[in-house]
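Visitor: So you can see what is in the structure, the chains are spelled out below.
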Amino acid sequence: MMQSSISDWLTIILRRDLIIAFRRSSTYITPLIFFLIVVTFFPLALGPQESLLSSLAPGVIWIAALLASLLAVETIFSEDFRDGTLDDFFISLEPSFILVFAKVLIHWLITGLPILIASMIAALVLYLPFESFIPMIFSLLLGTSFMSLLGALGAALSLGRSAILSAIIVLPFSIPTLLMGTSVISSSLINQDFSGYLMIMGAMLAIGIPGLCLLTVEALLLNYE
Amino acid sequence: MNKIWNFIKRWFIEMGSPPLFYKWSSKILPWLSIVSILILGVGLYWGMFYAPTDYKQGDVYRILFIHVPSAILGQSIFMFMAICGFINMIWRAKISGMMLKSAAPIGASFTLLALVTGSIWGKPTWGTWWVWDARLTSTLILFFIYAALIGLHSTIEDKTKADRAVSILSIVGIAIIPVIKKSVDWWQTLHQPSTFTITSSPSMSPDMYQPLLICVIGFYLFFALLLTLNLRNEVLEREKNKNWVRQLFGGLS
Amino acid sequence: MLPNLKVENLSSVRSEKVIFDNINFEVMPGQNIEIIGSNGSGKTTLLRTILGLINQDKGQILWLDDNDNYNKFRTFDCFYQGHQLGIKNLLTVYENLQLTKNSIGMPQEEIYKLLERVGLSNINDFAANLSVGQRKRIAVARWLLKEFKVYLIDEPFSALDDKATLLIEDLIKELNAKGCSFIITGHRPSNILASRMEI
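Protein chains in written order, with this note's numbering: chain V, 8 to 232; chain F, 300 to 552; chain U, 242 to 440.
Honestly, the hints are just simulated from the structure, not real lab data.
There could be a bad hint or two in this list.
No farther apart than 25 Å at their CA atoms in a straight line, the calculated lysine to aspartate or glutamate pairs in the DMTMM-like style are these [claimed, not checked]:
id, chain 1, residue 1, chain 2, residue 2
1, F, Lys481, V, Asp94
2, U, Lys299, V, Asp200
3, F, Lys308, U, Asp298
4, F, Lys480, V, Asp200
Short derived list, chain V residues pointing at chain F, Cβ under 7 Å [as the list claims (entries may be wrong)]:
id, residue
5, Ile13
6, Asp15
7, Ile19
8, Leu166
9, Gly167
10, Ile171
11, Phe180
12, Pro183
13, Met187
14, Ser190
15, Leu221
16, Ala226
17, Glu232
Quick caveat, the model's predicted, so the values are computed rather than measured.
Positions of the beta carbon are idealized from the N, C-alpha and C atoms, including for glycine.
Kindly produce the complete structure, drawing on both the sequences and the hints.
Guide: The following block contains the structure:
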């Protein structure tokens, strides 16, 4: 009999979910398109002046990233819950929060990463200066990861109900990420040190990964009652 | 010493049982109502009419006797809810879940009251109905968090399950609220280097501090009263098909 | 020979309705339990309660550990197959068997042999195109990836033709001989050797 460790199982989950995600291209295309559409709405609604847009750019990019990651997270558990694949997470003897973290990671790869890449296009069209690109990417990297964690909890709590509900219950908690993330980009624009904000975001991620994954496990178990 | 400890333990376990809680709360309700309304009334009356006029802000500042306690309550109630949520998740005590659910609308109302009174205070003092200062913004976010919790609870049909869902969210809330406050502070200093608070309390003389303290205590007691009333309703609603409720109300269905 | 699992006085209540009450049984190695009930009678809830997904309101569930003691927690892996089978539509038949926790380290040929055993030849077809019977065969193939002490299967015999039913009965007999037990549910009593109870 083969003795399998949890890392083997994590690899299986990763392979399986990524294969499924890539066979249904809408999974990773939709968050990206949504992000770009939201970004486009701002110059459309507020006018195309370069000075206006470049001053708004940090906020616009972050709002779009936030909305795109939150609305895209609805499917993280719904399919697995419906077809019974999620049951294995809680029946096995392995700690379920690690498995939930794997799902969150996969989800980030499908939504957060495309947003990260698309943000460079957004920064271009919003006239964000090149020097701010790297800070922007770092802030989005930390921020969208935290959004995936929060979004997973929201999705678990509102499993089977509307995506808006899962976004609403989690949006207030994403405000620090929004404030920190935009501050990173804004500080880089005026050549101020932004490392403090990044460190806070990193700390939130460090606490959030175990904490939110554990709470997400509890939230998922509620759906079985 | 052991007897006292046993008494406390027994009291906790008993309070976890809805019928016993109902009986106990029926006994203390008259006292609680009298004491809370009395103290609250004294505090408000004193503050509104007898405290000295502030030399900078005139009589408008008196609204702080409502604004400050409601802001304090709004935050304390959330902490109370988070503790209830924690107890509910770990020990699955149904009454703590019901306490959370009953406290939420009260906390939301106090937070809303703080926002409205803050706005009323701001108009004559600073000229605008709203300003995005750190305190008001944090209070607004707190209100949104309350709304999210109440909204989530109403979406889930099974009320015990709803309690647990809201418990989870309240735990996240209590962890993130300090972060929200800090980040709003930084956001303020980044965008408006000259910080000001619209609701900065005037330098407090003891003549102002004493009625304020009484108001705060009165508000806390009033919260206890409202919570007890709400919780009793909640208990009755959830247990309405049980025998003890039927007996209490003479067999009416 | 000690029972691997003991269920004592189990009872579950949801929203004032009693879902099941006073459930008692012991699961000896190699022996089966069959739970019969109509739709909505709580069969799935019972299985989930035994597995620990749901908390019971009364009674206890005891699992045997390696030192022959009984504990409230489980120390060995169980196999659970719910109503929904856990088949992924966007994966092929082969991938549905290969990308599972229990098939880690299993060489390709062995997986092919398993698929042959359960009568599936279209291994590169996507699961979305399969009939219910074929999907059930994939699910059954998963039973054989590893040997578990206890299998909990929700309605294994529903929606099956005679050939598939015989296949499953044979597999259960084979696994019983190796000391594996099955706890299955269903609407009607099946032909396998089991202690039956109604819920």
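Visitor: Take the hints in turn and mark each one as holding or not.
Guide: Hint-by-hint comparison with the structure:
1. Distance check on the hinted pair: F:Lys481 and V:Asp94 sit about 39 Å apart at the alpha-carbon level, beyond 25 Å; violated.
2. Distance hint between U:Lys299 and V:Asp200 is unfulfilled; the C-alpha atoms sit about 60 Å from each other, more than 25 Å.
3. Straight-line distance between C-alpha atoms of F:Lys308 and U:Asp298 comes to about 23 Å, which keeps the hinted pair within the 25 Å bound.
4. Between the alpha carbons of F:Lys480 and V:Asp200 the distance comes to roughly 21 Å, so the proposed pair stays at or under 25 Å and holds.
5. The beta carbon of V:Ile13 is not positioned within 7 Å of any beta carbon in chain F (closest approach about 24 Å), and the interface hint is therefore violated.
6. Because the beta carbon of V:Asp15 sits about 30 Å from the nearest beta carbon in chain F, more than 7 Å, this interface hint is broken.
7. About 28 Å separates the beta-carbon of V:Ile19 from the nearest beta-carbon of chain F, more than 7 Å, and the hint is not met.
8. Given the 7 Å rule on beta carbons, the hint for V:Leu166 is violated: about 10 Å separates it from the nearest Cβ of chain F.
9. Hint on V:Gly167 is violated. Least Cβ distance to chain F is approximately 10 Å, over the 7 Å limit.
10. Given hint, V:Ile171 at the interface with chain F, is violated; its Cβ is 10 Å from that chain's nearest Cβ, farther than 7 Å.
11. Contact between V:Phe180 and chain F, as hinted, is supported at the beta carbon level, the nearest pair being about 5 Å apart and thus within 7 Å.
12. Among the interface hints, the one on V:Pro183 holds; its C-beta lies about 4 Å from the nearest C-beta in chain F, closer than the 7 Å criterion.
13. With 7 Å as the threshold, the beta carbon of V:Met187 comes within range of chain F, its nearest partner Cβ sitting at about 6 Å, so the hint holds.
14. Residue-level restraint check for V:Ser190 holds (minimum Cβ-Cβ distance to chain F is 6 Å; threshold 7 Å).
15. Hint status for V:Leu221 relative to chain F: violated, with the closest Cβ pair at about 10 Å, above 7 Å.
16. Evaluation of the V:Ala226 hint against chain F yields a held restraint, the C-beta minimum of about 5 Å falling below 7 Å.
17. Contact between V:Glu232 and chain F, as hinted, is supported at the beta carbon level, the nearest pair being about 6 Å apart and thus within 7 Å.
Checked against the numbered hints above, the structure breaks hints 1, 2, 5, 6, 7, 8, 9, 10 and 15 and satisfies the rest.
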